[in-house]
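Participant: Mapping of the sequence shown onto the working numbering: position 66 corresponds to residue 268, and the numbering continues sequentially without gaps.
Any given hint could be a false lead.
[Claimed, not checked] In silico SDA-like cross-links for lysine to any residue, where the CA-CA straight-line distance does not exceed 20 Å:
1. 333 - 276
2. 491 - 292
3. 288 - 493
4. 288 - 447
5. 373 - 285
6. 208 - 402
7. 491 - 300
8. 288 - 276
9. 208 - 297
10. 491 - 220
11. 288 - 208
12. 373 - 265
13. 491 - 333
14. 491 - 472
15. 333 - 265
16. 491 - 479
17. 208 - 265
Keep in mind that the hints were calculated from the coordinates and are not lab data.
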Amino acid sequence: MRLWQKWVVVNPVFHYHLWGQTRLMARRPLWQILLFCVPFAVIYLWLIDQAVRNGLPQLSLSLECLTLWLVAPLMSHALFAMEFEKATWDMLILTRLTAGQIVMGKFLSRLALLSFLAVLFVPLALIGALKEYQAVSSFSLLAWFAKTQLVVISWAILLIAVTLALSYWLKRGMVAAAVAFAGQVFVLFILPAFWMLFLALYAATTRQPLDPFDFRFGSEPMLRFGWMFDPRFAVVVYNPIAAIAGIGLYHLGAVPPDRQALLWGTWQGIVYLAVASLVVTALVRAVAKATRKPL
């Protein structure tokens, strides 16, 4: 059986978390559903109108980051925790489902919901960019759009993977959500600020300026890849906010080509997805070991 069929098509865990919970949420009075959906629909239509009239691609991108990066932990913080809190975990492990089906069913159901949310922001960012940057070439504009979406979505996928693992190991949904949100704030804002302060003090005391993008030493073109593996700037370079800002500077004409870091944006997205896959793989193996189920 192929992995797609095993994890999605014939996986009851995937169908329950994607469709079953959605139907349970929809079984409410019509006025409650309208009261919840109508304000979001009005705001979304207003944002599309503003994108058509004024552009504002950075606003659309900021809203996408805020939405996806906040919703990602909220979607996955209780996936394992509710099994322990409702005492249904023992019944789940008694089924014939493998550890991979249990973990991947929960994980892929959240990726499907994340994809739906991401699609809603695609027209906002793209329409805004076409309106705002009419002087930029179509290739640069599409490269900017593709790389920013890669960074935003891959970071959200990493958040889902980490929060899902926290939900399993901490066994409390609210605790997992709190740790995920606090960790994200620390990684995105607090740690880069203190690290850059440390580097600034180091440069001031030693009088040795640090430039992560100074790759013109000698004549080796491969030195332009040095930023990927420089531990001094890893805290900032692999920050998705810094990655998105750099993509805008590179592809919208603010930085000359000879000063651009190669694969900026693409490499960060690949790293986020690689780390997410490692986290999910470790989680599958942990569940298999704890339940003595096959992978």
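Participant: Give a verdict on every hint.
Facilitator: Hint-by-hint comparison with the structure:
A distance of roughly 33 Å separates the Cα atoms of residue 333 and residue 276; the hinted pair therefore is violated under the 20 Å criterion. Between residue 491 and residue 292 the CA atoms are separated by roughly 15 Å; this keeps the pair inside 20 Å, and the hint holds. Note on residue 288 and residue 493: the hinted pairing holds, with a Cα-Cα distance of about 18 Å set against a maximum of 20 Å. A distance of roughly 43 Å separates the Cα atoms of residue 288 and residue 447; the hinted pair therefore is violated under the 20 Å criterion.
As the CA atoms of residue 373 and residue 285 are separated by approximately 8 Å, the hinted pair is consistent with the 20 Å bound. Distance check on the hinted pair: residue 208 and residue 402 sit about 52 Å apart at the alpha-carbon level, beyond 20 Å; violated. A distance of roughly 11 Å separates the Cα atoms of residue 491 and residue 300; the hinted pair therefore holds under the 20 Å criterion. A distance of roughly 18 Å separates the Cα atoms of residue 288 and residue 276; the hinted pair therefore holds under the 20 Å criterion.
Proposed proximity of residue 208 and residue 297 is supported: the alpha carbons are some 15 Å apart, at most 20 Å. For the suggested pair residue 491 and residue 220, the alpha carbons sit about 26 Å apart, so the restraint of at most 20 Å is broken. Between residue 288 and residue 208 the CA atoms are separated by roughly 26 Å; this puts the pair beyond 20 Å, and the hint is violated. Among the hinted pairs, residue 373 with residue 265 is inconsistent with the structure: their alpha-carbon atoms are about 31 Å apart, more than 20 Å.
The hinted pair formed by residue 491 and residue 333 fails the criterion: a straight-line CA distance of about 54 Å is larger than 20 Å. Taken as a hint, the residue 491 and residue 472 pair is broken in the structure, with Cα atoms around 28 Å apart against an allowance of 20 Å. With a C-alpha separation of about 18 Å, the suggested pairing of residue 333 with residue 265 holds against the 20 Å cut-off. Between residue 491 and residue 479, the direct Cα distance comes to roughly 18 Å. Compliance with the 20 Å bound is thereby established for this hinted pair.
The hinted pair formed by residue 208 and residue 265 fails the criterion: a straight-line CA distance of about 35 Å is larger than 20 Å.
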